[in-house]
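A.B. asks: Kindly produce the complete structure, drawing on both the sequences and the hints.
Those sequence lines, one after another, are chains A and B.
Residues 0 to 229 in numbering that gives the first Met the number 0 are what the first sequence lists, from first letter to last.
Residues 0 to 98 in numbering that gives the first Met the number 0 are what the second sequence lists, from first letter to last.
Worth double-checking, as some hints may not be accurate.
Which chain A residues face chain B? A few, computed with CB under 8 Å, are given here [what the hints assert, rightly or not]:
hint, residue
1, S90
2, A128
3, G212
4, G215
Hints are computed from structural coordinates only; laboratory data are not their basis.
Idealized CB from N, CA, C, for every residue including glycine.
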Amino acid sequence: MNSKTRDFLSGVAEVAPVMVAYIPIGLLWGTLAAAKGISPLEALMMSVIVFAGSAQFVAVDMWHDPVPVLLLTFTALIVNIRHVLMSASLSRHIDAIPRVLQPIVAYFLTDESWALAERRAQQEPLTLAFYLGVSLPLAATWWIATGTGAMLGRALGDPSAIGLDFAFSAMFISILMGFWKGPSTAGVLVASGAVAAATHLVFDGPWYIVAGGLAGALYAYLTWRAEDVA
Amino acid sequence: MSSTALLAIIGMGVATYLTRLSGFYLLRSVNLSGPMKAALDALPPAVLMAVIAPVILTTGWAESIAAAITAIAAFYRLPLTVTIVIGIVSVVLLRSVLG
Chain A
0 MNSKTRDFLS
10 GVAEVAPVMV
20 AYIPIGLLWG
30 TLAAAKGISP
40 LEALMMSVIV
50 FAGSAQFVAV
60 DMWHDPVPVL
70 LLTFTALIVN
80 IRHVLMSASL
90 SRHIDAIPRV
100 LQPIVAYFLT
110 DESWALAERR
120 AQQEPLTLAF
130 YLGVSLPLAA
140 TWWIATGTGA
150 MLGRALGDPS
160 AIGLDFAFSA
170 MFISILMGFW
180 KGPSTAGVLV
190 ASGAVAAATH
200 LVFDGPWYIV
210 AGGLAGALYA
220 YLTWRAEDVA
Chain B
0 MSSTALLAII
10 GMGVATYLTR
20 LSGFYLLRSV
30 NLSGPMKAAL
40 DALPPAVLMA
50 VIAPVILTTG
60 WAESIAAAIT
70 AIAAFYRLPL
80 TVTIVIGIVS
90 VVLLRSVLG
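C.D. replies: Written as structure tokens, this is what we have:
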């Protein structure tokens, strides 16, 4: 087996549990879209062209006739602002990926693929093969599940009833533990967690991710000491 | 398919894609050393913590305790899939007990 195949397959292996968790969420989204009068074709097109779970849920919530084009566009921008932080962070690990192919990496960037890519980059150089091993199954699952949900018009039950809603949190927690570098990390996490939780309680929408992420980075910036560099 | 629906989908798609691409070019001219590098190194754990903060801190005891159990499993370097399953099983059991 060549190294590209091996990288691709290890990506598939890592993403497998997340794929399972995407299925009920995708079906649920398709169902909600159908209830709002969005056709299966429109639903599938949105999943392919937008390809962003939380933005799609918000869009369906706001969807009415006539379709508020500018409002939906602006909302998608706001909901996905967190991806600027994620892609900025990931940009330091994509040197092994040819420059012309990096726009493909950007298209497939989700919270989940980003987290798995950051985890991979801690252990070895991030290759396109690994990234696609993570991203293609995830994207295909999302497209199929959302399209199926929109056609069926009814979900197969509540994802939280079997705990699948927690799969994402569990994955993020596991990956987070891999970034533990001692007491300085604790400060970053306290700053981020406190600011994110407080922001979540005060403001609607996903601002808490940007606020918490920036708070943690700011903490690291402010507490940096030259002698820390050994 | 209505043309406004198509326009909305394309608008959302372009907006989303721009957020995903812009970060790749954001740091091109930034000098990555000293405190700036420390801040960027802190970004992945900080963003991950922010993503999970509402679930583990503000949802309920079942989620908070399940998060702690998941963190312990991850601390012992169990494989990712195993850790996720432990997290899911924990939250289901805890929700039924603390429900």
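A.B. asks: What hints, given by number in increasing order, does this structure fail?
C.D. replies: The structure breaks only hint 2.
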